[in-house]
Amino acid sequence: MPTIEIAGKQVTVNDEGFMTVYDEWSDEIAKVLAAQVEIELTPRHWEVIHFLRDDFKKEGESSTSRHTQTVGGFPIKEQFELFPKKPAKKMSYIAGLPKPKGCV
Amino acid sequence: MTEGKSMKKLLVLGAGAAGTMVVNKLRKKLPKDAWEITVVDQETEHIYQPGLLLMPFGTYEPEQLIKKRQSFFPKGVNFIQAEIEKVDPTLNKTFFKDGREIGYDYLVIASGTTPRPDQTLGMSDPAIWYKSVFDFYTLAGATALRDALKNFNSGRLVVHITEMPIKCPVAPLEFTFLADAYFEKRGIRDKVEIVFVTPLEGAFTKPVASKHLGMMLNERKISLESDFVIEHIDVEAKTMVSMDEREVAFDLLVTVPLNMGADFIERSGLGNELNYVPVDKRNFLSDAYPNIFVLGDASNIPASKAGSVAHFAVDLFSENFVDYVNGRPMTHNFDGHANCFIESGNGKGLLIDFNYEVEPLTGKFPIPVIGPLALLKESRLNHIGKLAFRWIYWNILLKGRYLPIPALMSMAGKVQVTRKEKERLNANN
Numbered sequence: 001m002p003t004i005e006i007a008g009k010q011v012t013v014n015d016e017g018f019m020t021v022y023d024e025w026s027d028e029i030a031k032v033l034a035a036q037v038e039i040e041l042t043p044r045h046w047e048v049i050h051f052l053r054d055d056f057k058k059e060g061e062s063s064t065s066r067h068t069q070t071v072g073g074f075p076i077k078e079q080f081e082l083f084p085k086k087p088a089k090k091m092s093y094i095a096g097l098p099k100p101k102g103c104v
Numbered sequence: 001m002t003e004g005k006s007m008k009k010l011l012v013l014g015a016g017a018a019g020t021m022v023v024n025k026l027r028k029k030l031p032k033d034a035w036e037i038t039v040v041d042q043e044t045e046h047i048y049q050p051g052l053l054l055m056p057f058g059t060y061e062p063e064q065l066i067k068k069r070q071s072f073f074p075k076g077v078n079f080i081q082a083e084i085e086k087v088d089p090t091l092n093k094t095f096f097k098d099g100r101e102i103g104y105d106y107l108v109i110a111s112g113t114t115p116r117p118d119q120t121l122g123m124s125d126p127a128i129w130y131k132s133v134f135d136f137y138t139l140a141g142a143t144a145l146r147d148a149l150k151n152f153n154s155g156r157l158v159v160h161i162t163e164m165p166i167k168c169p170v171a172p173l174e175f176t177f178l179a180d181a182y183f184e185k186r187g188i189r190d191k192v193e194i195v196f197v198t199p200l201e202g203a204f205t206k207p208v209a210s211k212h213l214g215m216m217l218n219e220r221k222i223s224l225e226s227d228f229v230i231e232h233i234d235v236e237a238k239t240m241v242s243m244d245e246r247e248v249a250f251d252l253l254v255t256v257p258l259n260m261g262a263d264f265i266e267r268s269g270l271g272n273e274l275n276y277v278p279v280d281k282r283n284f285l286s287d288a289y290p291n292i293f294v295l296g297d298a299s300n301i302p303a304s305k306a307g308s309v310a311h312f313a314v315d316l317f318s319e320n321f322v323d324y325v326n327g328r329p330m331t332h333n334f335d336g337h338a339n340c341f342i343e344s345g346n347g348k349g350l351l352i353d354f355n356y357e358v359e360p361l362t363g364k365f366p367i368p369v370i371g372p373l374a375l376l377k378e379s380r381l382n383h384i385g386k387l388a389f390r391w392i393y394w395n396i397l398l399k400g401r402y403l404p405i406p407a408l409m410s411m412a413g414k415v416q417v418t419r420k421e422k423e424r425l426n427a428n429n
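Going down the list, the protein sequences come from chains A and B.
Heads up: the first sequence runs through residues 1 to 104, numbered per the working numbering.
Heads up: the second sequence runs through residues 1 to 429, numbered per the working numbering.
One chain only, chain B, in its complex shape (with noise of 0.2 Å):
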């Protein structure tokens, strides 16, 4: 360090995919005789999140999805274990839970969204939570509901989404299509119901998507209750009842709770009504705080919220942020971009990849090596890119490590939908 300048602070809240990743990127691009990088989390286990969506049927042991969250941080970044209790950006810090508090120059949010059944009535009574009702986002959800699964033998299953936006919106879908190749290969497909359950008009947000994935549906025997605004669980008779009143009886009812970012958002003033951080959707930056950016699931940005949302959104943002911190303007403007396989059950699976603008399409997704993907039909390969990703993630993505797949969005391969075939799609929902 040079006498008399004084090291910067970049602080990093939340060691997640986001976290662990902008602390790799930002580590090799910033001198080490300038920046000091300090990344907080309040768990030293870092989690395989696609892997839980699979574990419920029995495809992993959870010691195959955790790893020390330390081993992905380079040298020459610190981790502090700790709960956030808030941050006070007037005074440029953070306090923690235990007292201690730590000042930043620049602060990246990189807190995540976390299911919350405790947000709606009846939801996580003890009667029922993790008795008939589950979620699959969390370890000891996935790992409750396997027991649970291999137990049901006969009744309705429904699976259900609280409200959105969610965690990897494609999972409810994925889980379900999971679902019945599960009971399929039980032998007692016909002994089990399948409703799919959404506050949505559709299988899905957009139209082309939904059509592919409500016929998916329809051709597994699984129906689809749509517009559905959950208002609450009716505890005793196993019943959910909508905001206007329509009732869906289950007999295990796998839900996806509604999502909030973290509670330390709301103590610090940051958050909109569900703690998440407006942000400028493009560069990240928070529209309050010219020091404040926010990565991954914690801001508001019309994306998915998704690890390979947070992928490109890093990538971009760590040049932004070398040339932001240097007067410089930023460049790399975030289009929204998402890439995600979706498991359709029987060893097949589908690639969606889209982004703010542009819906997911059919065609071609094209790859190097691999060779090029179908996007949005069943494929043998798609399903084998999803089970590759656990080693890409866990000694590519979350190191930094290049990666062949554009920040950006192509067109490249992609089916574009006429006027005519948009309006059609349309006048269905």
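Only chain A is shown next, with the shape it has when bound in the complex (with noise of 0.2 Å):
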């Protein structure tokens, strides 16, 4: 896996740019990731992105969508307004965690 610099930190991505270690994540990083993809973190934001950050301790893996909405309370037409276009991958770059899985 590579290694990137991020707001003055060594971060380890995977081939998509995805963080891969849960505890190199930083609010500051947060912050630059969201940047990436054109994104300014309002109050709102960081909720889902604590929300998904605990969730992911707890599950092991990302939360989805739909799971956002029913566990965390963040209506899917929210997520859709927060990250546009493609929340599910926004939420998960930003908050540091795997693209949750598209299963086959």
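Watch out, some of these pointers could steer you wrong.
Not the full set, but computed from the structure, chain B residues with beta-carbon under 10 Å of chain A [said to hold, decoys possible]:
{"no.": "1", "residue": "I194"}
{"no.": "2", "residue": "P199"}
{"no.": "3", "residue": "E201"}
{"no.": "4", "residue": "T205"}
{"no.": "5", "residue": "G269"}
{"no.": "6", "residue": "E273"}
Hint data in this document are derived by calculation from the structure and do not stem from the laboratory.
We treat Cβ as the ideally placed atom computed from N, Cα and C, and that holds for glycine.
Got two chains here, each in a separate frame; can you build the complex from them with the hints?
Now the structure itself:
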């Protein structure tokens, strides 16, 4: 896995640029990753990100949009408003979590 | 039965592909004087589900796809026809809707997954459902769609996936390829616009297959609308509206509705938000109860919801189960192996073979006698393989007989993707 420098820190990422080490993530890194996908983080964005981080710790895998709606209480429609076009992918990217598994 | 020794009870909920294979495998392995095996289903008819894809194009008549469930159970297995109200895992009991109940020592949940058009606003509206909107994963849907296709002479056909995961994830693409060939054959392909609408980023989930299948859509002049998460259907306007307010109009919509596990799973408090039961993906043991296993489409394992997965899973499970009930560790770990034929129209097909870690790749799939089959590439032999599978399903697979395809995936014949190629594929996404 390659490492890259984000916000002055070395972080491990996969081929698609998703972080692979849970504890390398920080608020500062999240801001940089959000800027990469042209999102400015509001308090509501942070609520979603913190839910995703906590949920990953509990479940051991990235939350799907439906799980984020049902368990986190963030309607899918709102996820699209906050993280346009590809919410599930962008949310995981910014929260430093693996891309959710699109099950085959 | 030995004096003083009570019979152990194994209860299997659901007699579809997974449940039927389980009772066949385990009846051979568990001594009849020590184990009572009971299987429950609300229906007495077993449907060959892979055939439903071909039904709308007139390949099969409904009666070719239906057999009595009971004819696939071995001697020494009890069958109860009943609707399940709920399972109480603390009492080790299952309750039926008619008031009956049955206890168990071990429970296997194999109740599958079902399309739920009622879960998307507007989809099941009687003004459009089975009139201009159809599913093809049910006998009723596939039959109604066959009649609708016959009378469809021009306009916009939209093939749509509501949300992943779905049963047989390649089936919507197959349907699209087959529809293209069907209209071509009728000489009206130029009068029909075909659109494939998916919540995924591309034609399929994994990069190599997505690229190949995406090219096949292109070659057939089928447009792809990706990242489309449906919010509702505007019934009057015959238009799908997405969460980010994109619109796709249709004359004929062939949709894969939201797939959900059985409602009794929810009533029993055993499922996640889609009623799938969380299990250990290596051995299918419930995360919550040490005497409950979940096989086939009913669990949350990150593998295809498909008969081939159920088949490989049951092979390994039946070995594990005997060890488990005798206090030995379970050593036959499942790798997520799936093996699927993909119909591509005009008497050709593709084959994909993959698991939890390895995505579908190109190359050759070795198989005894018949010879190697081409992976991720159209061939006549793959199509014949798909058709031959109906016989194999009824006569070998369901009865738990030996089939020369290993339960665990092998890399033999597969062409591996270099790191550079991987980065290029990802950049294109």
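Consistency of the hints with the structure:
1. For the restraint placing B/I194 at the interface with chain A, the shortest Cβ-Cβ distance is roughly 23 Å, beyond the 10 Å limit, so the hint is violated.
2. The beta carbon of B/P199 is positioned within 10 Å of a beta carbon in chain A (closest approach about 8 Å), and the interface hint is therefore held.
3. Evaluation of the B/E201 hint against chain A yields a held restraint, the C-beta minimum of about 7 Å falling below 10 Å.
4. Checking B/T205 against chain A by beta carbon gives a least distance of about 4 Å; that is within 10 Å, so the hint holds.
5. The beta carbon of B/G269 is not positioned within 10 Å of any beta carbon in chain A (closest approach about 15 Å), and the interface hint is therefore violated.
6. At a threshold of 10 Å, the smallest CB-CB gap from B/E273 to chain A is about 4 Å, leaving the interface hint in force.
Checked against the numbered hints above, the structure breaks hints 1 and 5 and satisfies the rest.
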